[in-house]
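Letter by letter, the chains look like this.
Number of protein chains: 2
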Amino acid sequence: MSLTLTAIPNFPLVKPGDDIAGLILSATSGAGIEIQDGDILVLAQKIVSKAEGRLANLSEITPSEQALALAEKTGKDARMVELVLSESNKVLRYRTNVLIVEHKLGFVCANAGIDHSNVEGLYGNSDEWMLLLPKNPDASAEAIRRKIEYQTHTRIGVMIIDSHGRAWRNGTLGTVIGLSGMPGLVDLRGKPDLFGFKLKITQVAAGDELAAGASLIMGQASEGTPVVHVRGFPYPLREGSLKELIRPENEDMFR
Amino acid sequence: MSLTLTAIPNFPLVKPGDDIAGLILSATSGAGIEIQDGDILVLAQKIVSKAEGRLANLSEITPSEQALALAEKTGKDARMVELVLSESNKVLRYRTNVLIVEHKLGFVCANAGIDHSNVEGLYGNSDEWMLLLPKNPDASAEAIRRKIEYQTHTRIGVMIIDSHGRAWRNGTLGTVIGLSGMPGLVDLRGKPDLFGFKLKITQVAAGDELAAGASLIMGQASEGTPVVHVRGFPYPLREGSLKELIRPENEDMFR
Chain A
1 MSLTLTAIPN FPLVKPGDDI AGLILSATSG AGIEIQDGDI LVLAQKIVSK AEGRLANLSE
61 ITPSEQALAL AEKTGKDARM VELVLSESNK VLRYRTNVLI VEHKLGFVCA NAGIDHSNVE
121 GLYGNSDEWM LLLPKNPDAS AEAIRRKIEY QTHTRIGVMI IDSHGRAWRN GTLGTVIGLS
181 GMPGLVDLRG KPDLFGFKLK ITQVAAGDEL AAGASLIMGQ ASEGTPVVHV RGFPYPLREG
241 SLKELIRPEN EDMFR
Chain B
1 MSLTLTAIPN FPLVKPGDDI AGLILSATSG AGIEIQDGDI LVLAQKIVSK AEGRLANLSE
61 ITPSEQALAL AEKTGKDARM VELVLSESNK VLRYRTNVLI VEHKLGFVCA NAGIDHSNVE
121 GLYGNSDEWM LLLPKNPDAS AEAIRRKIEY QTHTRIGVMI IDSHGRAWRN GTLGTVIGLS
181 GMPGLVDLRG KPDLFGFKLK ITQVAAGDEL AAGASLIMGQ ASEGTPVVHV RGFPYPLREG
241 SLKELIRPEN EDMFR
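The listed protein sequences derive, respectively, from chains A and B.
My numbering numbers the first residue of the first sequence as 1 and each following residue consecutively.
My numbering numbers the first residue of the second sequence as 1 and each following residue consecutively.
FYI, nobody ran anything at the bench for these hints, they're computed from the structure.
As the structure is a computational prediction, the values presented were derived from the model and not from experiment.
No residue lacks a Cβ here, since even glycine has one placed at the ideal position from N, Cα and C.
You may find that some hints are simply not true.
What the hints assert, rightly or not - Partial chain B-side listing against chain A, Cβ under 8 Å, derived: (1) Lys-104; (2) Thr-202; (3) Asp-208; (4) Leu-210; (5) Glu-244; (6) Met-253.
Given only the sequences and the hints, what does the whole structure look like? Please build it.
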């Protein structure tokens, strides 16, 4: 059994209003990749956010008192902190240069996923433009999926991913922030193991496992390959949601 | 750019004393896979542990007072708790059926990675046999790597992985517990992004990203494909260690 992940070459720079599904269809076709039933497309968050125009300019933001206090403690720009707070349910941890929050979408990440790298060049040479996460990444993934399915007469999955830090270990990991048409979590509890004993584990975070693998070849910003085509995902496709992957706070011993 | 992960078919059941490198060479050869420079082999922890005879039988264990107290609070077998404590630096969290520790190897996981599924059939029909993690997984990976490199005249990487739960999100993720000949962490700080601005992030947990992707097709126990061959790892190989991936406790805000 093989899993093949291909970073789609020559994907254009994305601008607000662009049709991501259309760009993917052109780029895969140009690369000689024929989308088939069961394939999955993994998309970097930044292209979806840019297409949706999820931009904010720091010059237009007035920080609240809470933001000013937190800016003082973290050494961050108070307007940036205000923006992070406006995208978050709560602040979990902070220290100099670090601000970890529970995003409104439910997951835990630094700076509510807000970033300004790669935005500047498109909108004038300013580092005041910030890129926010898509408003509803599951819905974004679904819309892209439906258009590609319609055009290609296939049944596929679509994931939107971002690079997240984590507890306990160094380095970032590609992580799902939205998906459609595929499982986030796969429940193997009750399956027999090699010797016929029931497995005591396991719910496998199949979506996040794929996100991590795809992130590996998605390339960092300098390489510009924000879409990865996946063939050989080993679990049946079904409807799915980011929610499967989010541990509710009351079940989480590390929040 | 493509990354291809292939679960090697027909890998035999492993017994204490088995030569894992030899088994991999036979199985890859049998599957028509020629190992090349830059390839990576990802191994499920259980086959390395079994080959190294890392077994303990609960019937031979006398629980300490600490283990008895913790068993009472978690509802776990006190002898199992004793075994977990003997493999751990400290207990981080517990509740009914849950025991999260910092393993002596430095990482955080449930039950110190000790498991009994898949052991029983080999050693009589008893669920008293427990499988511990390899004593020094970096060294285990290196020994396997050296033998395969010698036999194939190649320069490769080897990783040993396990399925770990995590903070904040549901489901387990394939995670590195030892590696040799490849980076765990890749430092991209200071690289320019698409527009020539310096990337503010990022240290990428490349080893863990690959572990997660490989875990996806490693198959669960019922399928028995504990070795995954990887071609197309996008970063240069170098010497490496699990230590790169472990965040020291004094830098960890969630331990």
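Hint check:
1. Nearest Cβ of chain A to the Cβ of Lys-104(B): about 15 Å, over the 8 Å cut. The hint is violated.
2. Interface restraint check for Thr-202(B): the shortest CB-CB distance to chain A comes to about 6 Å, inside 8 Å, so the restraint holds.
3. Restraint check, Asp-208(B) versus chain A: the minimum CB separation of about 6 Å is within 8 Å; hint holds.
4. Annotation: interface hint on Leu-210(B) holds; nearest CB of chain A at approximately 6 Å, less than 8 Å.
5. Restraint check, Glu-244(B) versus chain A: the minimum CB separation of about 7 Å is within 8 Å; hint holds.
6. Annotation: Met-253(B) was flagged as interfacial toward chain A, and the flag holds, the nearest CB pair being 4 Å apart, inside 8 Å.
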